[in-house]
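2 protein chains.
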Amino acid sequence: MRKVAVIGVGCSKFGVRRDVNVARLSFEAVKKAFEDANINGKNVEFLAVGSAGAGGLYEEVLPAVVVAEYCGMTGAGLTRCEAACASGSAAFFTAYMAVANGLVDLAVAVGVEKMTELETPVVMEMLGRAGYYLWEFHGFGPTFPAYYALYASAHMEKFGTREEDLALVAVKNHKYGSLNPLAHFQNRVSVDEVLASPVIAWPLKLYDCCPISDGAAAVVLASEDKLRELKVEDPVWVRGVGFSSGTANLSRRGDYVGLKASVLASRMAYRVARVEPRDVDVACVHDCFTIAEIMAYEDLGFCKKGEGGKLIREGETEIGGRIAVNVDGGLKAKGHPIGATGCAMIYELVKQLRGEAEKRERQVPLKNYVGLAHNIGGVGHYCYVTVLGR
Amino acid sequence: MRKVAVIGVGCSKFGVRRDVNVARLSFEAVKKAFEDANINGKNVEFLAVGSAGAGGLYEEVLPAVVVAEYCGMTGAGLTRCEAACASGSAAFFTAYMAVANGLVDLAVAVGVEKMTELETPVVMEMLGRAGYYLWEFHGFGPTFPAYYALYASAHMEKFGTREEDLALVAVKNHKYGSLNPLAHFQNRVSVDEVLASPVIAWPLKLYDCCPISDGAAAVVLASEDKLRELKVEDPVWVRGVGFSSGTANLSRRGDYVGLKASVLASRMAYRVARVEPRDVDVACVHDCFTIAEIMAYEDLGFCKKGEGGKLIREGETEIGGRIAVNVDGGLKAKGHPIGATGCAMIYELVKQLRGEAEKRERQVPLKNYVGLAHNIGGVGHYCYVTVLGR
Chain R
1 MRKVAVIGVG CSKFGVRRDV NVARLSFEAV KKAFEDANIN GKNVEFLAVG
51 SAGAGGLYEE VLPAVVVAEY CGMTGAGLTR CEAACASGSA AFFTAYMAVA
101 NGLVDLAVAV GVEKMTELET PVVMEMLGRA GYYLWEFHGF GPTFPAYYAL
151 YASAHMEKFG TREEDLALVA VKNHKYGSLN PLAHFQNRVS VDEVLASPVI
201 AWPLKLYDCC PISDGAAAVV LASEDKLREL KVEDPVWVRG VGFSSGTANL
251 SRRGDYVGLK ASVLASRMAY RVARVEPRDV DVACVHDCFT IAEIMAYEDL
301 GFCKKGEGGK LIREGETEIG GRIAVNVDGG LKAKGHPIGA TGCAMIYELV
351 KQLRGEAEKR ERQVPLKNYV GLAHNIGGVG HYCYVTVLGR
Chain H
1001 MRKVAVIGVG CSKFGVRRDV NVARLSFEAV KKAFEDANIN GKNVEFLAVG
1051 SAGAGGLYEE VLPAVVVAEY CGMTGAGLTR CEAACASGSA AFFTAYMAVA
1101 NGLVDLAVAV GVEKMTELET PVVMEMLGRA GYYLWEFHGF GPTFPAYYAL
1151 YASAHMEKFG TREEDLALVA VKNHKYGSLN PLAHFQNRVS VDEVLASPVI
1201 AWPLKLYDCC PISDGAAAVV LASEDKLREL KVEDPVWVRG VGFSSGTANL
1251 SRRGDYVGLK ASVLASRMAY RVARVEPRDV DVACVHDCFT IAEIMAYEDL
1301 GFCKKGEGGK LIREGETEIG GRIAVNVDGG LKAKGHPIGA TGCAMIYELV
1351 KQLRGEAEKR ERQVPLKNYV GLAHNIGGVG HYCYVTVLGR
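Same order as they appear, the protein sequences are chains R and H. Take 1 as the starting number for the first sequence in our numbering and just add one per residue. Take 1001 as the starting number for the second sequence in our numbering and just add one per residue.
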């Protein structure tokens, strides 16, 4: 397996982007990534596009070929990767493998989603199908907040996690979102505001849930040969990727206080990358709901099982704490265009590891120069964990 | 890059399969592949599912996790690959890379599609979107036969290819389909019958078009370490994969007599596999329409540009000719469940290279023990070429 570097990243403004179609939205991210890497599309040999909603959430059914043409990459090998909300990470992983294998020297991953074209209840219904449609959704009808509410209430019951702890995740992520010009939400919220927001599926309130967003992110991956050709020095390296999956039927899960796929995928990523959880300076974790971030702390080994609430209460996941988590605002405040999220996490980590976070108060002090992205599809149906380092 | 072997293949009956859902249909193929490889799902570390129609042609939106659970592979890394009608090849390529990279020792690719749940005009409309929806389909409204009719008429005009030559492709592929118990169509057709069938988009008649089918195919891939563990000797090896893409806008193509993506992908595959077109004993090429097979002969280098009609007229692509093509019936007679096709081609080549073609008159005599799969998405929007050998 060859070494692979990330030599360019780009990200669009996240939010309600009815001003652009999926090709144009992707171009916003790709253009920045190409400028960052000092390349153009002609030299790209493989492109993986992460997107879950093609033909459903938005009308373009073959986004990979359309994005390739619009961004000047026609001729490259192409695939679209779909792993629900982890589609962006699946695309990153696929592009990474094409370079690591020695088949190509320059590959691109683009994550993109357009989610605001349809009315919110229709989008919620479509997202709710993201499990075992014929059994769980068609049979019982839960939507996504209900699935995560099941985990939140079990976690509160077993470990004494409080509604205030969940709220603190939203407070932290909105704070960092307000410092990130690309974030969907630019406002801060207080614990009281979160607790007073409408209940969606108890104990989750409106401000415990990530928004429905449009957005795109792009990543350029290169071999060492290509680095020499482009005279790139001291890039961010892909240290390792781990992956796992869980049952589509939630009724077959052993418990509802963590995601086994997160545990397995992160252990694999740590092993491949030869790092420990304590080595991680900065992490982007999958906080589609506030409880998901608390479970991620535990499943990724940032603290012991059941102590996620304590970790957020003690401010250990803020900048300056033990490990900085979701300092781009996370899915909660930056937004969660589902196919884009995995690549947007890589974007943020690369910016952080280079010391380029836009505003000074959003830059994490680096000790080990190790970053971790944790991206979930469904409710731990899919999981990819990526470790980057310099 | 490590060596990778195909150690198990399975394929469902192709046809109208309203008797099964997508998980059960996949299981039919996976069960055979697992038995063939003498493994079970617990040891599978990565699964790539090729399917284009999830949530559109059929209602399950996350087929990868559902297939993984139904077939006992929960815990494996998962992704769905979509590259239109080349989705199965994209999945095969992704699973292949995971093993070649050394990340895993055992991976599975499943191609599956359910296309007959909706009425035919609805399916045709959805397939017609497989280009640049917002520009070509929404703007001009062509469906797939119209796209390929454009190529057929240009090929006839430039090279003197005749309607009878197109018909001969259908005659050959129906003949082999009638010998393949898994094929959708079990009947033979004559040149006169093809020419007399209703015109769909001139010069293409009904019998120049592949059917709308349901089906699944599965492939098990293993590293050399795993081969030793399983005591597998003399397997079929993946010799090389090539890929390329074309514009989504057909108006930007240089000509309409061949697919540039096929030329580029096959040249890459030949280079990586270190073989020449003349080394290929048996090929599965993408004959979604009869003209597509004739263009494939030329684009893959089986004959010179413009001589594809002559090649089929002279019987050189029958068993016993210069190179045996689509002796499983091809998309034309075996059927074309779009996400399944790429893996079904690998299935057929592995059976041929092992000398296991079901009926004696369908077994290709092997000289170099080299097989080639050529899988197109759209109208040369995507192309994957895979070379296998023993």
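Derived by calculation from the structure, the hints in this document are not laboratory data. Heads up, some of the hints might be wrong.
[Stated by the list, open to error] Here are some, though not all, of the chain H residues that point toward chain R, as calculated from beta-carbon distances under 7 Å:
#1 Glu-1060
#2 Thr-1074
#3 Ala-1076
#4 Thr-1079
#5 Arg-1129
#6 Glu-1136
#7 Gly-1139
#8 Leu-1230
#9 Val-1232
#10 Ser-1245
Where a beta carbon is used, it is the ideal one built from N, C-alpha and C, also for glycine.
inquiry  = Quick check on the hint: Thr-1079/H CB to chain R CB, less than 7 Å?
reply    = OK, holds: Thr-1079/H within 7 Å of chain R, min 4 Å.
- prompt: Close enough to count: is the Cβ of Thr-1074/H nearer than 7 Å to one in chain R?
  reply: OK, holds: Thr-1074/H within 7 Å of chain R, min 5 Å.
Residue hint Ser-1245/H, partner chain R, criterion CB-CB below 7 Å:
Hint holds; Ser-1245/H Cβ to chain R Cβ min 4 Å, cut 7 Å.
Given Arg-1129/H as an interface hint, is its Cβ closer than 7 Å to any Cβ of chain R?
holds, 5 Å
Is the interface hint for Val-1232/H satisfied, with its Cβ closer than 7 Å to some Cβ of chain R?
With a closest approach of 22 Å, the Val-1232/H hint is violated.
* Identify whether the interface hint at Gly-1139/H stands, where standing means a beta carbon of chain R within less than 7 Å of its own. => violated, 13 Å
With a cut-off of 7 Å on the beta carbons, see whether Ala-1076/H makes it to chain R.
Cβ of Ala-1076/H sits 6 Å from chain R, so the hint holds.
Given Glu-1136/H as an interface hint, is its Cβ closer than 7 Å to any Cβ of chain R? It is violated, given that the least Cβ distance between Glu-1136/H and chain R is near 10 Å, above 7 Å.
Does Leu-1230/H pass the interface hint, meaning its C-beta sits closer than 7 Å to a C-beta of chain R?
violated, 22 Å
**Report entry** Closest C-beta approach of Glu-1060/H to chain R relative to 7 Å, hint status
**Finding:** holds, 5 Å
In terms of the numbered hints stated before, the structure departs from hints 6, 7, 8 and 9, listed from lowest to highest.
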